[in-house]
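*Asks:* Starting from the known structure of chain A, arrange chain B on it as the hints suggest.
Which chain is which? The protein sequence lines are A and B, in order.
Residue numbers for the first sequence follow our numbering, beginning at 170 and rising by one.
Residue numbers for the second sequence follow our numbering, beginning at 24 and rising by one.
Simulated from the structure, these hints should not be mistaken for laboratory data.
Treat the hints loosely; a few may be bogus.
As the list claims (entries may be wrong) - Pulled a few chain B residues facing chain A out of the computed Cβ check, cut under 7 angstroms:
hint, residue
1, 33
2, 36
3, 112
4, 119
5, 195
6, 199
7, 205
Computed from a predicted model, the values in this text were never measured in an experiment.
Cβ coordinates follow ideal geometry from the N, Cα and C atoms, glycine included.
Spelled out, the chains give:
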Amino acid sequence: MAAPVGFFTDTTLCIGCKACEVACKEWNGLPDNPLVFRDSYDNTGQLDHANWRHVRFIEQTTKNADKPIAWSMMSDVCKHCANASCLEVCPTNAIVRTEFDTVFIQQDVCNGCRDCISACPYGVIGFNSNTGTAQKCTFCYDRLQNNLKPACATACPTQSIKFGPLDEMRQTAATRLATLHAQGMSEARIYGEQEYGGLHALFLLTDKPETYSLPSTESAVLPSRNNIPGYLGAAVTAVVAAVAGLIAFRRRGETQP
Amino acid sequence: MPGEHFVVAPGWAWYILLYFFFAGISGGAFVIGTMLRLFGSAADKAASRLAFIISFPLLLLCPILLTLDLGQPLRFWHMLIDVKTGTPAFKVYSPISLGSWGLTIFGLFAFVMFLAAVGEGGYLRWRVLAGAGRVMSSTLGKAFMVIGAIFGFFVAAYTGVLLAVSNQPVWSDTWTLGGLFLASGLSGAAASILLLSRRRREAAATEGKLMEADRYFIILELVLIALFLITIGGVVSKVLGGGWILLWLVVLIGTLVPLIGEFRPALVRQLPPAVLPVLVLVGVLALRAVIIFSAQA
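Excised from the complex, chain A in its bound form:
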């Protein structure tokens, strides 16, 4: 098996140029987005079947009177979770883990049940009504197999998106965090070290995860957490219903069937 790979996206370096989005679409042959004017430079909107990279423009008010509005930008992508919610619920085994430890949807196996969409806590997966399948970032699986960097990381002009062996990315992230902390940016933090068993897409954030539409570490829970309580609740209901049936349907001095 090849070494696990990872992205490290440093949001402090992102300038919102969307080169990653364009490179991703170009390499993967994804359709363009319909022209929609939003109240933001973010006219991609969200990750979905046709957008596997999405540069979020997060507008926040500041206490600085000269600069009342601040932008945080983050190039979002599938996190390729170590414990992936989508992979856990997929009934057809269409979603698999590759030799690079990434999460991949086999298009010839997926039957479009969309359970993975309801499971992904990052809203990454979209349903392509043309192919009838679920689609998301493949981590440029075809490029990885040919020893090439993913298209987005190759195109990023500011090195905001870094790619490499996962351990190396973790080390790079830790070093960068230490540098920012030394410079007084105490709010900087790394996202993705603990969530879902460790993500293959690490992010350096300058605010709490929810600001970037990322669930907090405490909220990063798997769908399977509800299996036992759900079935147990149903089993208790079944027992109560059986007792109710016994009371309602019991023989009352009638002949036995």
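*Replies:* Only chain B this time, still in chain A's reference frame:
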């Protein structure tokens, strides 16, 4: 909040709503048919037959609806067979996977009991069905029904667990949906049998028992609705807000009016007899609709 996620809705709509509705009633009808055989008297045989006779055709609708909902309907069999290995695709953590197998196995039980009921009732005079009544009353027949009823419980309930095993707000914030769909499925099944038994004189003998059972199932359903609303906590406004309150009103009418009618028959004496069971069925559908649609809005 139990888990703040940033999910996208899966776009489960009408096919899934109808599937959940028919699965609940089919599973519930099989369970009621079995309980009538086990606990009831000879006079309840006709109602029990009716329960088995409606269970199988309603179950047949389920895979059709599920398949129509798929993006790639011709790949429906990928739910059961891993196409890469040729081995059974069985994932214990995935309720859709378990449910696909549950539906298939329950289908076998529902089909056999459908034939047995048709044979016992004399609706089909095939030689192979001649001894159906004797077999149904035997220990083996009863054991078969009990095992089938376990799968019936599962088919009626797992759809709720399927919703819960996700990261969608509302669905994943509660453990109650499996039990709630089971209770309402049983209530809908009792109402369906009641509705049909009024057209068959021999089954009308069980009417009182079915009404009593429905009363208990509705009470169970109301308790679980309360638990559902309590357990979803912070996202309760998503389910009760906006126009969804109208669907909840339909749910309340479909539970409280039949309940009041069964406790105080004088209050509903003026209504045609079919009204209360129909209200129950509309309530069962509305309950599933409000839970499926509001969480995805």
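*Asks:* Determine for every hint whether it applies to the structure shown.
*Replies:* Checked hints:
1. Checking residue 33 of chain B against chain A by beta carbon gives a least distance of about 4 angstroms; that is within 7 angstroms, so the hint holds.
2. Taken as an interface hint, residue 36 of chain B does not check out: its beta carbon lies about 11 angstroms from the nearest beta carbon of chain A, beyond 7 angstroms.
3. For residue 112 of chain B, the interface hint holds, since its Cβ comes within 7 angstroms of a Cβ in chain A; the closest pair sits about 6 angstroms apart.
4. Restraint check, residue 119 of chain B versus chain A: the minimum CB separation of about 4 angstroms is within 7 angstroms; hint holds.
5. At its closest, the beta carbon of residue 195 of chain B sits 6 angstroms from a beta carbon of chain A; the interface hint therefore holds under the 7 angstroms criterion.
6. Because the closest C-beta pair between residue 199 of chain B and chain A is about 6 angstroms apart, less than 7 angstroms, the hint holds.
7. Of the supplied interface hints, the one on residue 205 of chain B holds, with its beta-carbon coming within about 5 angstroms of a beta-carbon of chain A, less than 7 angstroms.
In the structure shown, a violation is registered for the earlier hint numbered 2 alone.
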